[in-house]
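J.: This is what each chain is made of:
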Amino acid sequence: MTREKKLSPGRKKTIRESTGRKVFVVWNYLFFLLLILICAFPLYYILVQSLSGSIVAGKGILVPYRFTFSNYRDVFRMEGILDSLLISVSRTVIGTVITVFCCMLMGYLFTKEELPGRRFFYRMVTVTMYVSGGIIPTFLVIRMYGLINSFWVYVLPTAVSAYYIILIKTYIEGLPSSVEESAMLDGAGPMTIFLRIIMPMSLPIAATIAVYASVYQWNSWFDNHIYTFTNNALTTMQYKLYKFLNQAERLAEQIESMSGDTSRLDNALTPQGVRMTVTVVAVIPVMMIYPFLQRYFIKGINIGAVKG
Amino acid sequence: MQTNLSQSIRPRKKKRNWQLFWILLPMLILVVMFHYVPLAGWALSLFEYKPGYPLLQNKFIGLKYFQMILTKSTTRRVMRNTLIFSSLDFLTLPLPMLLAVLLNEIRSDRFRKLAQVITTLPHFISWVIVYSLAFALFSSEGLLNQLRAELNLPAQSILTDRNAVYWFQTLIALWKGLGWSAIIYIAAIAGIDQELYEAATVDGAGRFRCALHVTIPGLMPTFIVLMLLRVSNFINSGIDQYYVFQNNIIYNNIEVLDLYVYTVGLKKQDYSYAIAAGIMKSFISIALLFIANTTAKKVRGESII
Numbered sequence: 001m002t003r004e005k006k007l008s009p010g011r012k013k014t015i016r017e018s019t020g021r022k023v024f025v026v027w028n029y030l031f032f033l034l035l036i037l038i039c040a041f042p043l044y045y046i047l048v049q050s051l052s053g054s055i056v057a058g059k060g061i062l063v064p065y066r067f068t069f070s071n072y073r074d075v076f077r078m079e080g081i082l083d084s085l086l087i088s089v090s091r092t093v094i095g096t097v098i099t100v101f102c103c104m105l106m107g108y109l110f111t112k113e114e115l116p117g118r119r120f121f122y123r124m125v126t127v128t129m130y131v132s133g134g135i136i137p138t139f140l141v142i143r144m145y146g147l148i149n150s151f152w153v154y155v156l157p158t159a160v161s162a163y164y165i166i167l168i169k170t171y172i173e174g175l176p177s178s179v180e181e182s183a184m185l186d187g188a189g190p191m192t193i194f195l196r197i198i199m200p201m202s203l204p205i206a207a208t209i210a211v212y213a214s215v216y217q218w219n220s221w222f223d224n225h226i227y228t229f230t231n232n233a234l235t236t237m238q239y240k241l242y243k244f245l246n247q248a249e250r251l252a253e254q255i256e257s258m259s260g261d262t263s264r265l266d267n268a269l270t271p272q273g274v275r276m277t278v279t280v281v282a283v284i285p286v287m288m289i290y291p292f293l294q295r296y297f298i299k300g301i302n303i304g305a306v307k308g
Numbered sequence: 001m002q003t004n005l006s007q008s009i010r011p012r013k014k015k016r017n018w019q020l021f022w023i024l025l026p027m028l029i030l031v032v033m034f035h036y037v038p039l040a041g042w043a044l045s046l047f048e049y050k051p052g053y054p055l056l057q058n059k060f061i062g063l064k065y066f067q068m069i070l071t072k073s074t075t076r077r078v079m080r081n082t083l084i085f086s087s088l089d090f091l092t093l094p095l096p097m098l099l100a101v102l103l104n105e106i107r108s109d110r111f112r113k114l115a116q117v118i119t120t121l122p123h124f125i126s127w128v129i130v131y132s133l134a135f136a137l138f139s140s141e142g143l144l145n146q147l148r149a150e151l152n153l154p155a156q157s158i159l160t161d162r163n164a165v166y167w168f169q170t171l172i173a174l175w176k177g178l179g180w181s182a183i184i185y186i187a188a189i190a191g192i193d194q195e196l197y198e199a200a201t202v203d204g205a206g207r208f209r210c211a212l213h214v215t216i217p218g219l220m221p222t223f224i225v226l227m228l229l230r231v232s233n234f235i236n237s238g239i240d241q242y243y244v245f246q247n248n249i250i251y252n253n254i255e256v257l258d259l260y261v262y263t264v265g266l267k268k269q270d271y272s273y274a275i276a277a278g279i280m281k282s283f284i285s286i287a288l289l290f291i292a293n294t295t296a297k298k299v300r301g302e303s304i305i
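Going down the list, the protein sequences come from chains C and V. Read left to right, the first sequence gives residues 1 to 308 (the numbering used here). Read left to right, the second sequence gives residues 1 to 305 (the numbering used here).
Please note that a few of the clues may not be correct.
Stated by the list, open to error - Here's a subset of chain V near chain C, in silico, CB distances under 8 Å, partners left out: (1) Lys15; (2) Met27; (3) His35; (4) Glu105; (5) Ala115; (6) Pro122; (7) Ser132; (8) Ile183.
Stated by the list, open to error - Calculated cross-link-like contacts (lysine to aspartate or glutamate; reagent style EDC-like; alpha-carbon spacing at most 16 Å): (9) C/Lys112 x C/Glu173; (10) V/Lys72 x V/Glu255; (11) V/Lys14 x C/Glu114; (12) V/Lys15 x C/Glu113; (13) V/Lys64 x V/Asp270; (14) V/Lys176 x V/Asp240; (15) V/Lys267 x C/Asp223; (16) V/Lys59 x V/Glu48; (17) V/Lys14 x C/Glu113; (18) V/Lys268 x V/Glu48; (19) V/Lys267 x V/Glu255; (20) V/Lys50 x V/Asp270; (21) C/Lys112 x C/Glu181; (22) C/Lys59 x V/Glu141; (23) V/Lys14 x C/Glu181; (24) V/Lys15 x C/Glu114; (25) C/Lys112 x C/Glu180; (26) V/Lys15 x C/Glu181; (27) C/Lys59 x V/Glu150; (28) V/Lys281 x V/Glu255; (29) V/Lys64 x V/Glu48; (30) V/Lys176 x V/Asp89; (31) V/Lys59 x V/Asp270.
Unchecked claim - Output of the computed footprint for chain C on chain V, the stretches with three or more beta carbons under 8 Å from beta carbons of chain C: (32) 145 to 151; (33) 202 to 216.
Hints were generated in silico from the structure; no laboratory data involved. For every residue, glycine included, the Cβ atom is placed at its ideal position computed from N, Cα and C.
With the sequences and hints as input, model every part of the structure.
T.: Now the structure itself:
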């Protein structure tokens, strides 16, 4: 929708532009330049700092001070960093696949009138958007299920999301039903129809949901903090960063213990250097994919808006 | 987001297919496990629950915890914080609309797209990273204080300034959400009838008057829906932002209801009390949701849920 050329209405050229108009246009550009600067500078700043050889007050603001990749090399040598990167990637991949599959299948089933109790079950799912047991009861049941310190606590509670299901159901309802009907006449079962016909026809919405779910999974840290904080093997990148930010002493000790084999007077790893570098590592996947996938994010909003 | 199914009525009722139900079942079980079973946990608020004992061996105390919550002075402080954050956030609600209108005035397609991509970027980074960025810029060794030191100004730490908490957290939330919230208005602007602009131009309206008398009124329905949704979430401030930015010095000012429930329940392990607080929160939000929904029905003749 927003990709159409005619995004801006009334953008017809007027023959004479008033001075007031010109002043406004200039100010408007300046305003957006400032806004872009405010949004991008903090990210740019940590990138520059993470590429600086040593962190010196007042240095390395716009360009790296003593440019080097040594921070990255050393951070990846730190204990547990690669493991947490692996956990973050795994939960993002597995979590996204499970969420997309479950929500697509549910969204599809809710378009089928032959489904017994369709209305009731659909209500049952959508009500969860407004009513929730709350953080403590959820914690207690997850403990009851034995999911504390288990990888599955990252992906199972979020596998079914009411909002995604509404988006998917809306989308599938808009598809032509003739293909599905002819497949049904050929004797195809519901799962075959879902996998062979509905999925390929719904790729745009599946991509949208996948993009949302993967960003959610990559950015999650609170579940790590509540459910799996005693199991270091399940620490995600985000939570690792959180711990580095809050446990300055532990971090300093860890660096100290490392410097035995990597001691270099000049490019010694510092707590700030570690924090900045880990922040960049935790943020880069989102930054890399975001500009390319922006239209999928926006599509999600637009479908939601039409429904709302 | 309508849950109303009556629109999709088709003429004849098809035969029931139980196979579909069996496919649905595993996912329904997940919904029940993670969304409905926790509701049963609400019963614990009536007991002095100690983990490890079966429910009925715990002492039944009725509504005592609810009474305690209503009379405690902590509750008042926490509610006050929550309401202050929500009110400040409420005041920023028109800004995304304004941003969309201004963005629409930019003629260069390239620059407009660039501005849109960069301003929406902060929405997609986690609160931990936002905190890390804030730490790099505003902590006692952060960039701001490095620059202040060079100018011989005294150091200043916003992150541990009790008086700055409210406006600082509001600005941080605005930084993260402004561009993203504007997108829905940008889509709405694209949907405004072009003839309205033509008619206004014929009547001699310039671009400023077009924006004022056509674009903004055209965006009002969207604005009202978003405002009502915000009302229904007035006390659901969320926890992530306040959790990452908390520290001992500012704790009394940053502790919102959700953070309070978490601290009482999971840190102090006072499960029953925290559940009672959570239940009261849920009831207030549901009441607000109904009020917002009824208002929406009256104002625009259509419900928001």
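J.: Does each hint fit the structure? Answer for all of them.
T.: Results for each hint:
no.: 1; hint: Lys15; verdict: 6 Å, holds
no.: 2; hint: Met27; verdict: 5 Å, holds
no.: 3; hint: His35; verdict: 4 Å, holds
no.: 4; hint: Glu105; verdict: 6 Å, holds
no.: 5; hint: Ala115; verdict: 5 Å, holds
no.: 6; hint: Pro122; verdict: 6 Å, holds
no.: 7; hint: Ser132; verdict: 4 Å, holds
no.: 8; hint: Ile183; verdict: 5 Å, holds
no.: 9; hint: C/Lys112 x C/Glu173; verdict: 10 Å, holds
no.: 10; hint: V/Lys72 x V/Glu255; verdict: 15 Å, holds
no.: 11; hint: V/Lys14 x C/Glu114; verdict: 6 Å, holds
no.: 12; hint: V/Lys15 x C/Glu113; verdict: 8 Å, holds
no.: 13; hint: V/Lys64 x V/Asp270; verdict: 14 Å, holds
no.: 14; hint: V/Lys176 x V/Asp240; verdict: 13 Å, holds
no.: 15; hint: V/Lys267 x C/Asp223; verdict: 15 Å, holds
no.: 16; hint: V/Lys59 x V/Glu48; verdict: 5 Å, holds
no.: 17; hint: V/Lys14 x C/Glu113; verdict: 6 Å, holds
no.: 18; hint: V/Lys268 x V/Glu48; verdict: 14 Å, holds
no.: 19; hint: V/Lys267 x V/Glu255; verdict: 14 Å, holds
no.: 20; hint: V/Lys50 x V/Asp270; verdict: 9 Å, holds
no.: 21; hint: C/Lys112 x C/Glu181; verdict: 12 Å, holds
no.: 22; hint: C/Lys59 x V/Glu141; verdict: 13 Å, holds
no.: 23; hint: V/Lys14 x C/Glu181; verdict: 13 Å, holds
no.: 24; hint: V/Lys15 x C/Glu114; verdict: 6 Å, holds
no.: 25; hint: C/Lys112 x C/Glu180; verdict: 11 Å, holds
no.: 26; hint: V/Lys15 x C/Glu181; verdict: 14 Å, holds
no.: 27; hint: C/Lys59 x V/Glu150; verdict: 11 Å, holds
no.: 28; hint: V/Lys281 x V/Glu255; verdict: 15 Å, holds
no.: 29; hint: V/Lys64 x V/Glu48; verdict: 10 Å, holds
no.: 30; hint: V/Lys176 x V/Asp89; verdict: 12 Å, holds
no.: 31; hint: V/Lys59 x V/Asp270; verdict: 14 Å, holds
no.: 32; hint: 145 to 151; verdict: holds (count 4)
no.: 33; hint: 202 to 216; verdict: holds (count 6)
Against the hints set out earlier in the document, no violation occurs for any number.
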